[in-house]
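The hints should help you fit chains B, C, D, E and F onto chain A, whose structure is shown.
6 protein chains.
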Amino acid sequence: MHGIYLVSDARALTARNGKPYLALTLKDNSGQIGAKRWDSSDEDVRVAKPGKFVEIGGQVELYKDVPQIVVNSLAEAPAESVKPEYFEAPPNFDPVALKRELVAMLRGLEDEHYRVVAEAYLNDEAFMERFAIGPAARMMHHPYKFGLLEHVHSVMTLGQSLCDHYAWCNRSLVLLGLFLHDSGKVVELIGENVPGYSVEGELLGHITIGINLLDRKLQELGEQVPHHKGVLLKHIILSHHENAEYGSPKPPMLAEAQIVHAIEALDAKMNAFLRENELPAEQEDATGALRYSKLLKRRIYTPPPK
Amino acid sequence: MHGIYLVSDARALTARNGKPYLALTLKDNSGQIGAKRWDSSDEDVRVAKPGKFVEIGGQVELYKDVPQIVVNSLAEAPAESVKPEYFEAPPNFDPVALKRELVAMLRGLEDEHYRVVAEAYLNDEAFMERFAIGPAARMMHHPYKFGLLEHVHSVMTLGQSLCDHYAWCNRSLVLLGLFLHDSGKVVELIGENVPGYSVEGELLGHITIGINLLDRKLQELGEQVPHHKGVLLKHIILSHHENAEYGSPKPPMLAEAQIVHAIEALDAKMNAFLRENELPAEQEDATGALRYSKLLKRRIYTPPPK
Amino acid sequence: MHGIYLVSDARALTARNGKPYLALTLKDNSGQIGAKRWDSSDEDVRVAKPGKFVEIGGQVELYKDVPQIVVNSLAEAPAESVKPEYFEAPPNFDPVALKRELVAMLRGLEDEHYRVVAEAYLNDEAFMERFAIGPAARMMHHPYKFGLLEHVHSVMTLGQSLCDHYAWCNRSLVLLGLFLHDSGKVVELIGENVPGYSVEGELLGHITIGINLLDRKLQELGEQVPHHKGVLLKHIILSHHENAEYGSPKPPMLAEAQIVHAIEALDAKMNAFLRENELPAEQEDATGALRYSKLLKRRIYTPPPK
Amino acid sequence: MHGIYLVSDARALTARNGKPYLALTLKDNSGQIGAKRWDSSDEDVRVAKPGKFVEIGGQVELYKDVPQIVVNSLAEAPAESVKPEYFEAPPNFDPVALKRELVAMLRGLEDEHYRVVAEAYLNDEAFMERFAIGPAARMMHHPYKFGLLEHVHSVMTLGQSLCDHYAWCNRSLVLLGLFLHDSGKVVELIGENVPGYSVEGELLGHITIGINLLDRKLQELGEQVPHHKGVLLKHIILSHHENAEYGSPKPPMLAEAQIVHAIEALDAKMNAFLRENELPAEQEDATGALRYSKLLKRRIYTPPPK
Amino acid sequence: MHGIYLVSDARALTARNGKPYLALTLKDNSGQIGAKRWDSSDEDVRVAKPGKFVEIGGQVELYKDVPQIVVNSLAEAPAESVKPEYFEAPPNFDPVALKRELVAMLRGLEDEHYRVVAEAYLNDEAFMERFAIGPAARMMHHPYKFGLLEHVHSVMTLGQSLCDHYAWCNRSLVLLGLFLHDSGKVVELIGENVPGYSVEGELLGHITIGINLLDRKLQELGEQVPHHKGVLLKHIILSHHENAEYGSPKPPMLAEAQIVHAIEALDAKMNAFLRENELPAEQEDATGALRYSKLLKRRIYTPPPK
Amino acid sequence: MHGIYLVSDARALTARNGKPYLALTLKDNSGQIGAKRWDSSDEDVRVAKPGKFVEIGGQVELYKDVPQIVVNSLAEAPAESVKPEYFEAPPNFDPVALKRELVAMLRGLEDEHYRVVAEAYLNDEAFMERFAIGPAARMMHHPYKFGLLEHVHSVMTLGQSLCDHYAWCNRSLVLLGLFLHDSGKVVELIGENVPGYSVEGELLGHITIGINLLDRKLQELGEQVPHHKGVLLKHIILSHHENAEYGSPKPPMLAEAQIVHAIEALDAKMNAFLRENELPAEQEDATGALRYSKLLKRRIYTPPPK
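Line by line, the protein sequences are chains A, B, C, D, E and F. Per our numbering, the very first residue in the first sequence carries number 1; after that it's consecutive. Per our numbering, the very first residue in the second sequence carries number 1; after that it's consecutive. Per our numbering, the very first residue in the third sequence carries number 1; after that it's consecutive. Per our numbering, the very first residue in the fourth sequence carries number 1; after that it's consecutive. Per our numbering, the very first residue in the fifth sequence carries number 1; after that it's consecutive. Per our numbering, the very first residue in the sixth sequence carries number 1; after that it's consecutive.
Looking at chain A on its own, in the form it has when it is part of the complex:
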């Protein structure tokens, strides 16, 4: 066999005979497969990093009932041979349209100070580029290319409905808070098709990183934004996981922060329910079927066929 694959996991191990080998997981549009590169060279290790495309030659063998590739040749795939459409499931939404709508929501904020803050992000090209393409998590929710955009667009859309309902709340604060709540993920997460954490992300977390990014914008904007409005935005980022156990040292202390938490937590779980519905059923009878979701840490239910 011969082909081009995306490396989604690579571990350099030493066999008991003292020789190094590489245990790889390779991905393309059709799924993934394990692979072994025996007697791997330093060059192999350098080439076969998670997130890189490699050109592989070898043969498929069964190992514990599961096919795996024993790799004979391994090289960086020439950029021109990598057809992105072979490696990404096309999202079931249009990222360009989502981004356009999101920008429109931000530019339409009523409160002029919050609008100025939003504009500072929209004008930060490096930020927006990463924001528009990155995943929202490594596993839990929206863990795929454009996932962060999909999640934030979804919660801002919902945010509008909730602010219609709780009309006494500050709509601009809710919407900007929703835009910013996961903004630190542009640094915390790396990769698109194979999301992972950066070392900085592990050491600080997206909440701290996001607040630092915001603080820099506020420093640049100076007196254009009243001090307390900056503090509130930071508080909303800080409290969006609701309690200490989940990483928020402060609970939501204003209604707008509570809304941000409620929407974003629901949207994350809804995404997990949707994706985990594909798992094989563990139990099934006339009442329906159950499958165990590691993401949600519980069994989830599907109704019986009609």
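Where hints are given, some of them may not hold.
Simulated crosslink set (BS3-like; lysine-lysine; CA at most 30 Å straight-line) [unchecked claim]: (1) K36/F / K294/C; (2) K250/F / K269/E; (3) K294/A / K250/C; (4) K297/A / K250/B; (5) K250/B / K294/A; (6) K19/E / K36/B; (7) K294/D / K294/B; (8) K49/B / K36/B; (9) K269/C / K294/A; (10) K52/E / K306/B; (11) K306/C / K52/F.
No lab work stands behind these hints, which were simulated from the structure alone.
Positioned in the frame of chain A, the structure of chains B, C, D, E and F alone reads:
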């Protein structure tokens, strides 16, 4: 002084001199005041129960800087002298309109089985009467006459928006689940202007009571409702507090149950934020003001005046 | 090899070559063994469900040092070929005698109202049939045919001693509470020799199911049973796991409920101690031996041989 | 007024005018009353220690609706004036009979080694004297003279029934374990009519103290008792609160330890249910009455009058 | 009476007669006293803020056995009448010397990058002024003028010893981490003699604030400090409470962060042990005395006099 | 192949063919390897216990890519063939020197009573022999020969620095407390090169065992040591894990106990950081590298190469 009051708290105590006395809290539209009835008779105790109206004569004295009534005469207030408008803050919504809208939402459920279940409740006059007038809690949220109706109407309205957004969910199940989630409160809570718990309510809780009420409806409806749909409605009631610590032995195991939990928990907290905003500030500076909310178990924030 | 087995686990999997196969666990009186049915048909999946008896042909192979059967032929076992005594370890008690004693205890309840409730269950043939044969749990305690009967008989016997000791308690309430505490397990659990959970059982749990069953009996009995006595029985079922963490939203609020909890929790653990004593020792020295019990989540001790 | 009282609480405080005063709680058979000794001397402080009897002169005044004594004269009560029957509610059991039965149970242990250990305690006069008179706790359960004896006698009696039931258990180990489980309380607790903690009790706890007492007995007995039997008795003392949160660093690791825990925890709670039943009702309706028990940290129920 | 006091608490309340009054706590060198200003004006409220000095006229009355001032006249104290030495207990250390030593420790850091960061703080006059005078907490530890300086000086001194011992650690990182760990308290806390929290402090906490302050310094310093060194300093601030429950979303992930946590947590507790030792004893016998420390949430021990 | 190995793990298992076999882990200075002894005899099981040296013949095979020995001959290694230096990594410290320094610190205690207690341990040859050679834990920290000595020496050295800093503390109590805190490990742990728990250690834990050892010394010393000083030493041992969750039923109730806890907990973690630094990196980028430490239950960081 002389007047008619609603008894909101009454404790029959024995003074050290061996004589009984009554410590009362009296309420009308303008607020509440403490009162003492020295050398109280058995008749006094019978008359002055929480939730009853009494006619009081006495004088106001200061006790630890706080005025209280020393009661000289105490009698049940004649029904004709009790003007309801003196004892209830008029709700800032129209309960008749809310109920009409709620009924319309239930009668409009798409799924015929769930519609049949809804109809069974709508036709249960005793249930609907209590449902339309009772409070939603003793303290935490919507703890006042019509509070349960206001809460359920609010969450069903929101539920419609959320089902528009997560269009892959079963809209009928979400809406009926929201209608039923707190239905056991018609037994758990007693009183309207002075909500309290019934002894049955304390022993069983509204979740268990609500599921029993539903089971009776399902028994009556028999084969009109597929078994698994009844089970799902019970599961939604059972899991609406989300985890064991808060009284739900099972977590939401389908997306519709997750939505019911998210909306109703948010609506309860929003009601608390709104009402607790009236508390006196404990801290105040240029950033804004903080007051401590016992309901939310945290400090809550108000922005500085513009 | 050729033989008749009870299927205790069956998973329909897809091999990497795209073909389906069945991974089975087969049981008879002598123990259990793994089996693989390669290229399994839909018919195979239908036939080889957990709890069913199958007729197997194939050969035994070693896989990772462990023998397993590679299945060549697979069919439903003809009812007449299934000899129950080959598939069940005979219980070390006489289920008929236990049931007779249990019925006698219930018919001897002093309190006439509680006796009426008990009678309603005894007259419910479908209930009693399942009650007398089913297991008490999938793993934790008495997880075998007749296990529920053994457990309930044991705790009612103990309950008599405890009521002799705490003579100020309501003996009828304790004994009936013990009879009912796990009654929802007739729906929660399925299978006898291979206990499992029903989907309804997972969605609602045996506590909620048991309370619903009781509510139906109480509805039928109407005014024959004073309202508060029904509430107390429900409360005892509700609180028998003692705290929220273990699935009881309310703690025992009367001494009789506390006794029910104490006895049934002890009996479950005693059953686990007894069965786990068979595990291989992990540590052993002059002080005795220790083995790790997953059920009890701790090491358990056996004294040194004399 | 003039009289002899038992001091149950005494706090030496300094008034804002800089002068010292004593705030006392005084007890006799009929109940308790607060008292103030203004401008107290060092001698007053020395005399009026909790657990001592004092001769008081003064007058009764009302303070916040509650009578209290303003003390004019204060002196140690002459031993001959203190009539014990005025200061102790007679127990509703015969402590002499209980002790006799307890001794008989211990002398009847089948296992000769455990019988030797029991004998070592029975021969320790100082231990037995304190054991036979002391309370079992400061508040939680059996907090009165002879309370420890009552509790231990009760659990050993129950222990016999449980060992009849679980006949595969080591009866001698269970019974001796029950005798020893709270033995450290002879040092942890001080006082009889007014139980309190010793400073050593607070620093070490009755579990550690009890194990040390046992270790000394075992050191004296030397080879008369096999090593592992001493370890098991220590383990039963150590684990009798079942988990770390309640002060047992090790869970019960043998069935006999599990029984000791189950019985003694139940007996403590039953004692609390019994005593707290006297509290005033907080809620009452046709279903019954509820009162809040601080000891049990929950509401407790009483049925409606027949 | 007539005098100048520091306001340490001020609550604007409304009496039942509808008139406003002020409940004050006033402090000077000799202790504190309560005060009431009846019929308070808006001007009174403005003047009598916690942390301000006021000139008071009135008379002392006893209220519930405790003297309090009924205020007749109330005005801002003229700056020239306020003698600081009447309002501050002189610290038992020399703040000037401590600051000098602390600066020397920072200027002596071996690692040039960390030294540059330290210098950026030393050159920030506003920061250093507040740092050198402010308290370290409102209650828990070092809650007095110069308390932050005392705490940080203490932990840096200890840090040197620990780095001598664990010589494989990065000494510069430990010492700078200790200097920065509580740096956000310059914003979180307000007041010196009467420490309190700013609203921003409550919304964000000193950890988030301190990391923002550091991020600004790092932005200014740009490429003078390698990126990863800035991340590590932020991580040390973030993790210095060790776990989520105490406000650190990330645990110490390098040995140097572990040392910072260990030292600063110990120093805070040692300060509490030292100050709480002054509390009145609750229990006392030949083993010693115990007093209850709210700060440490436990009883603390003092040995018996020799 | 043929050689002498230290058995570090041995499990007697039964294959599905009904025959027994031994699964061994063998160790020498160069690392460890798995081994299988098929058809093992009772004699094999007796010989191949963890901690024993065996002489092995067999051949090396690959099993799941990992070499293992299939054992053909197995016998106890003759004592004279076992060269200790082949089986122990030499410690990177001099145990003789450490012990000498530790003895000197104890003999130099200022407080004569505590010095007498220390002397009682130093004169207990059996204790000191085990103390000087044993490990400090099975896995967590210092889990190797001389590890307990290394740990105790380290914390006593640090203790001197801390007592210099907190000069108001009782230096003798801190140092003796540090010496004794883990003294029960001489019974709790067995083995040196392959540390394990004794059955008594699992049933009682080193805290209880250590307090018993101390109590025996105190019994021997009688009136030479004031009662309260013995109690304090026991309290320090009891509270050195700081809270119930980690096995200390009492928190440190005096400053000296707090210091003992702080130092020993830090030293244990520092040892884990140091050893776990050898683990392979899981994540690595310009900020540095992270590896997952099971001991510390978190990721730990290493800076990027310079």
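Now the hints, each set against the structure:
1. Taking the CA atoms of K36/F and K294/C, the gap is about 26 Å. The hint holds against a cut of 30 Å.
2. For the suggested pair K250/F and K269/E, the alpha carbons sit about 16 Å apart, so the restraint of at most 30 Å is met.
3. About 29 Å separates the Cα atoms of K294/A and K250/C, which keeps this hinted pair within 30 Å; it holds.
4. As the CA atoms of K297/A and K250/B are separated by approximately 12 Å, the hinted pair is consistent with the 30 Å bound.
5. Taking the CA atoms of K250/B and K294/A, the gap is about 16 Å. The hint holds against a cut of 30 Å.
6. At roughly 23 Å between alpha-carbon atoms, K19/E and K36/B fall within 30 Å of each other, so this suggested pair holds.
7. A hinted pair counts as satisfied when its Cα atoms are at most 30 Å apart, and K294/D with K294/B qualifies at roughly 21 Å.
8. Annotation: proposed proximity of K49/B to K36/B holds, straight-line Cα distance about 14 Å (limit 30 Å).
9. Distance hint between K269/C and K294/A is fulfilled; the C-alpha atoms sit about 29 Å from each other, no more than 30 Å.
10. Between K52/E and K306/B the alpha-carbon distance is near 25 Å, which keeps this suggested pair within the 30 Å criterion.
11. The hinted pair formed by K306/C and K52/F meets the criterion: a straight-line CA distance of about 26 Å does not exceed 30 Å.
Checked against the numbered hints given earlier, this structure breaks none of them.
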